[in-house]
Amino acid sequence: MATTMHLDVVSAEKELFSGSISAVFAPAVMGDLGIYPRHTPLVTSLRPGELKIEIEGEEDQYLYVSGGILEIQPHVVTVLSDTAIRAEDLDEAKVLEAKQRAEDAIKDQKGDFDAAAAQADLIRVAEQLRMIEKMRKIRR
Amino acid sequence: MAGEKEIRTQIASIKNTQKITKAMEMVAASKMRKAQDRMRATRPYAHKMLNVIGHLANASTEYSHPFLIEHPEVKRVGFIIVSSDRGLCGGLNTNTFKAALKAMQEWQQQNVEIDLCLIGAKGTAFFKRFSGNVVSQVSHLGDTIHISELIGTVKVMLDAYSDCKIDRLFLVENEFINTMIQQPKVTTLLPLAPEENQDLKHHWDYIYEPDARTVLDKLLTRYIESIVYQGVVENAACEMAARMVAMKSASDNAGDLISELQLVYNKARQASITQEISEIVGGAAAV
Chain A
32 MATTMHLDVV SAEKELFSGS ISAVFAPAVM GDLGIYPRHT PLVTSLRPGE LKIEIEGEED
92 QYLYVSGGIL EIQPHVVTVL SDTAIRAEDL DEAKVLEAKQ RAEDAIKDQK GDFDAAAAQA
152 DLIRVAEQLR MIEKMRKIRR
Chain B
1100 MAGEKEIRTQ IASIKNTQKI TKAMEMVAAS KMRKAQDRMR ATRPYAHKML NVIGHLANAS
1160 TEYSHPFLIE HPEVKRVGFI IVSSDRGLCG GLNTNTFKAA LKAMQEWQQQ NVEIDLCLIG
1220 AKGTAFFKRF SGNVVSQVSH LGDTIHISEL IGTVKVMLDA YSDCKIDRLF LVENEFINTM
1280 IQQPKVTTLL PLAPEENQDL KHHWDYIYEP DARTVLDKLL TRYIESIVYQ GVVENAACEM
1340 AARMVAMKSA SDNAGDLISE LQLVYNKARQ ASITQEISEI VGGAAAV
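Protein chains in written order, with our numbering: chain A, 32 to 171; chain B, 1100 to 1386.
Worth flagging that the hints you see were computed from the coordinates, not collected in a lab.
Glycine included, every Cβ here is placed at the ideal spot set by N, Cα and C.
Straight-line C-alpha distance at most 25 angstroms; calculated BS3-like pairs for lysine-lysine:
id : chain 1 : residue 1 : chain 2 : residue 2
1  : B       : K1317     : A       : K83
2  : B       : K1264     : B       : K1227
3  : B       : K1317     : A       : K45
4  : B       : K1133     : A       : K45
5  : B       : K1227     : B       : K1174
6  : B       : K1174     : B       : K1264
7  : B       : K1254     : A       : K45
8  : A       : K45       : B       : K1130
9  : B       : K1201     : B       : K1284
10 : B       : K1284     : A       : K45
A partial selection of chain A residues facing chain B, derived with a Cβ cut-off under 7 angstroms:
id : residue
11 : A43
12 : E46
13 : M61
14 : S76
15 : I100
16 : A151
17 : R155
Next up, chain A with everything else stripped away, as it sits in the complex (with noise of 0.2 angstroms):
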């Protein structure tokens, strides 16, 4: 009997992981999972959190997710995460940058920028403010 499974982790920039493993633990939705070969399939959400993978004669290896989708059958288990590194690489200076660019094409309404589009920018720079410094506190 198989005792190890594959697992592929992929975000939409780049591929994170992929290999043979033995373990997966992941943070899904409607609680944590722990995943070991011939598990039943199965697809979730899941919530921003820690992977953990046991690999055999190895250390675990620890990657974070922001959130995407988990996707289990028998012997293949794919991770879509698509903000694994978005979290890390949030660079706070230019989110405000991000911000202020809004800010300033709202004001200049004659300018090639849509309006709304530039609003809903500033809603998800300020959104993503919040996150930076909810992540700060948690590091705290």
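The hints should help you fit chain B onto chain A, whose structure is shown.
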């Protein structure tokens, strides 16, 4: 014939231009390599996602997602047009716009209205002057494009489709064939064509958490986003390739111009020397 000094200044100025175009060529070449790597890195995600969607389609849920429903009557269509932020990349953007306009015209002839979503500053500047209703826009994405920057822009269109405000959604971007050839491409994003060619031996009875609807919603939105993201990344690679080629031919042209001018300059110099000698000889003979 122009004076020696004028020609010398002209040569110097062309040499300066050539330096700039050469530098731009090299920058574009290195950026192109990175952009190509990025382009390749996005492929596994879309591939895996297609697999999962295929499996889900085979697992046959009763729920039919709005993205999969084809609207029978077409009154308004959406176009997502990807362009570069900067110019000096040959005919790349012009070709994209031509392809987009052609596709748009076909719809306009059928009295279908058009909504535009523009990615890139060049597209914004261009379509400002044309008919069409610009509903969302994003530009100045930089070299490392993050999907998070596109989500809001694309969502405007996806929501419009779910609300039946638009009946088709197209993506216009450049396809990277090789360094020399980039081709504008119009793809239909919505409605999503169901995958028919999946082999049925991989048939799983999935458990859905929390339920099929939520998972499918999330999955399909992400799928469209990832296709648009791929398009933008591919377009970036195209932009760099086109710029590299354009700058290379500019440098070559500058080289040709310089050698031509050098010839003219030498002739002028020799003529003036000859003239000077003959003047001296003439003067000596007169004495």
